[in-house]
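J.: Given next are the chains, with one letter for each unit.
Number of protein chains: 2
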Amino acid sequence: MSEEKKYKIDACFSPHLYPIYEDKESIVVVIDVFRATSAICVAFHYGADKIIPVAKVEEAAEYKKQGFLAGAERDAIKLEGFDFGNSPYDYMGDHVKGKTIALTTTNGTQAIEAARQAYKVVIGSFLNIDVLCQWLVKQNRNVLLLCSGWKNKFNLEDSLYAGAVTQKMLELSDDFKLGDGCLALKYLFVQAQHEPIKYLVHASHKERLSRLGLKKDIKFCLTPNAAPVIPVLEGKYLVKLQD
Amino acid sequence: MSEEKKYKIDACFSPHLYPIYEDKESIVVVIDVFRATSAICVAFHYGADKIIPVAKVEEAAEYKKQGFLAGAERDAIKLEGFDFGNSPYDYMGDHVKGKTIALTTTNGTQAIEAARQAYKVVIGSFLNIDVLCQWLVKQNRNVLLLCSGWKNKFNLEDSLYAGAVTQKMLELSDDFKLGDGCLALKYLFVQAQHEPIKYLVHASHKERLSRLGLKKDIKFCLTPNAAPVIPVLEGKYLVKLQD
Chain E
164 MSEEKKYKID ACFSPHLYPI YEDKESIVVV IDVFRATSAI CVAFHYGADK
214 IIPVAKVEEA AEYKKQGFLA GAERDAIKLE GFDFGNSPYD YMGDHVKGKT
264 IALTTTNGTQ AIEAARQAYK VVIGSFLNID VLCQWLVKQN RNVLLLCSGW
314 KNKFNLEDSL YAGAVTQKML ELSDDFKLGD GCLALKYLFV QAQHEPIKYL
364 VHASHKERLS RLGLKKDIKF CLTPNAAPVI PVLEGKYLVK LQD
Chain C
164 MSEEKKYKID ACFSPHLYPI YEDKESIVVV IDVFRATSAI CVAFHYGADK
214 IIPVAKVEEA AEYKKQGFLA GAERDAIKLE GFDFGNSPYD YMGDHVKGKT
264 IALTTTNGTQ AIEAARQAYK VVIGSFLNID VLCQWLVKQN RNVLLLCSGW
314 KNKFNLEDSL YAGAVTQKML ELSDDFKLGD GCLALKYLFV QAQHEPIKYL
364 VHASHKERLS RLGLKKDIKF CLTPNAAPVI PVLEGKYLVK LQD
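Just so you know, the protein sequences line up as chains E and C, in that order.
Just add 163 to the spot in the first sequence (first one is 1) and you have the numbering used here.
Just add 163 to the spot in the second sequence (first one is 1) and you have the numbering used here.
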């Protein structure tokens with residue numbers, strides 16, 4: 164049956180696995196629900212002009228020296244000397260409007276770095292899920308959902324989101340067949356969707372964030388369509404996709 | 164709550180990710196449900212003395228030249244000039260009794276190769292699930308479920324089995340907390356357990372095997388406890404674990 168489908172959605176659970184899944188013709192959706200890709204969506208929703216995702220702290224520090232705003236997070240903590248961490252709340256307000264912001268995070272910006280050569284890289288989070296899925300189904304292309312995970316390990320929140328995207332894309336279009344990763348995640352999402360916080364209760368990174376007092380961030384990052392913009396990579400910049 | 168648990172079960176979805184999950188103190192369960200680890204369990208159940216898992220076809224051919232029985236499979240097909248492929252049916256009967264067999268397969272023997280330095284490597288399949296889980300919970304150690312996948316990609320059948328092992332170990336013992344991979348798989352297994360074949364209906368490797376007329380293999384490989392032995396790696400050999 165799946166042979167009739169024109170395009171494929173697959174999921175890759177770690178940036179370290181990306182070379183195995185790489186396919187220069189696919190659109191790659193980079194996912195880091197807690198919290199980098201949520202923060203990126205928020206920044207553009209509040210009018211940021213560009214984000215420069217970088218893998219290393221030193222690169223972000225260099226941009227900061229040059230006068231850019233810069234965000235840097237490692238192990239869920241904002242680094243000293245930077246303007247922002249990776250909490251979405253750091254990027255809410257007029258202070259980001261029209262600005263270019265350099266950003267490095269433990270997982271999300273590493274995943275962007277891994278996928279840099281893809282046909283197109285877009286940023287996914289629950290905050291932009293509907294506009295993103297509507298856009299994805301119109302592109303007539305294979306889609307690879309790249310979960311940032313935690314230090315290259317599988318994580319529960321990014322895979323839950325990948326399952327949500329899979330489910331939503333199937334509702335919007337008949338054109339997609341699913342790779343094994345997406346098949347598994349679709350099952351998972353269908354089971355977890357009505358109580359995502361309960362589903363994530365033992366997720367290791369949620370526990371980590373809860374210990375750090377970041378429950379407000381967790382709840383916000385699970386809010387569908389709170390920042391309905393599509394960040395897309397153009398050269399070294401993330402910019403807001405124009406309609 | 165999970166802090167109270169003594170040991171951890173985690174799942175690694177690809178041999179390529181094994182270095183990220185590696186932990187010299189864990190017991191590694193190598194999983195290749197369709198079909199290498201099922202075939203290995205069958206061989207020992209029928210009295211094979213040793214299996215020499217090798218990564219390369221040339222190595223298996225070398226053993227064959229030296230007079231050993233040898234199995235070799237690539238892309239689900241038995242290679243010319245070898246005694247066996249990786250169908251469990253190839254290893255049923257008196258012809259394996261007391262023999263040492265060299266074996267190379269697309270995925271399973273690659274996963275064994277990746278995990279060779281682990282504290283202990285055992286072989287898991289539905290065919291030995293109960294004895295394996297009973298043994299695992301008695302070892303008082305972390306357990307890593309290493310899914311062989313398909314050419315380093317996530318696959319549905321190995322992850323389903325890893326979910327089954329997770330669920331069964333939790334039923335047998337309160338000592339284990341779960342990594343994110345196992346948390347996801349436990350949900351999956353609970354949902355799929357009553358109709359595993361239906362769950363796997365769109366799995367890519369099941370489709371591949373079905374096209375090759377191997378439905379009988381698929382059904383057999385999903386039969387719990389049909390070959391209740393625990394193969395364990397000792398040096399370069401897999402041997403049957405003695406009680």
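Don't read these hints as lab results, they were simulated from the structure.
Some hints here could point you the wrong way.
Each computed DMTMM-like pair below joins lysine to aspartate or glutamate, with the alpha-carbon atoms no more than 20 Å apart [to be verified]:
#1 C:Lys168 to E:Asp238
#2 E:Lys171 to C:Glu370
#3 E:Lys379 to E:Glu276
#4 C:Lys171 to E:Glu276
#5 C:Lys227 to C:Asp246
#6 C:Lys169 to E:Glu370
#7 C:Lys301 to C:Asp337
#8 E:Lys403 to E:Glu276
#9 E:Lys169 to C:Glu370
#10 E:Lys168 to C:Asp246
J.: Looking back at the numbered hints, which does the structure fail to meet, lowest number first?
T.: 1, 3, 4 and 10
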